[in-house]
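**Q** Sequence:
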Amino acid sequence: MPLSIDVQFDIVMYSIISGILIGIMFDLYNIIRGVKIPKIIIIIEDILFWILTAIIVFAFLLYANYAFLGPYVYIFMIVTLIIYLKLISPTILKLERYMIDKTGKFIRIFLKNLIYPIKLIYYNICGKK
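In terms of the numbering used here, the sequence shown opens at residue 177 and continues consecutively.
Hint data in this document are derived by calculation from the structure and do not stem from the laboratory. Model, not experiment: these values are computed from the prediction. Even for Gly, the Cβ is constructed at its ideal location relative to N, Cα and C. Some clues are possibly wrong.
Each pair of labels, with its calculated beta carbon distance range [what the hints assert, rightly or not]:
#1 232 <-> 269: 18 to 26 Å
#2 284 <-> 186: 28 to 36 Å
#3 303 <-> 226: 52 to 60 Å
Model the full structure from these sequences, guided by the hints.
**A** Listed below in structure tokens is the structure:
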């Protein structure tokens, strides 16, 4: 039984969203991975990343369209990933780096403000300046 047009449209849209999701996770992985890492560690990290990505995308497709994995699902995911990496990735990388920097700064300030009263109490009790 052929699938109705709205089901086919949903499958295509979820395939496109999956391709974008893979691209965003790949950008985030590249930021987290860093630069100066031994080659064997990079190989292990890459394998683990792609296993995790496959699980996440499969779970997303399972939830979204009952994991219908026809050939055109893969085609749309790959084409969307290529378009994402060529056109959108530089902007998303800047946004992700900005968000990571601001989150790190927020955590540092929060911890300093959290530790400061404890230091004051400790120094007052011990009599140190």
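**Q** Decide, hint by hint, whether the structure agrees.
**A** Hint check results:
1. 232 <-> 269: 18 to 26 Å: Check passed, 20 Å falls within 18 to 26 Å.
2. 284 <-> 186: 28 to 36 Å: violated, 44 Å
3. 303 <-> 226: 52 to 60 Å: Holds, at about 58 Å.
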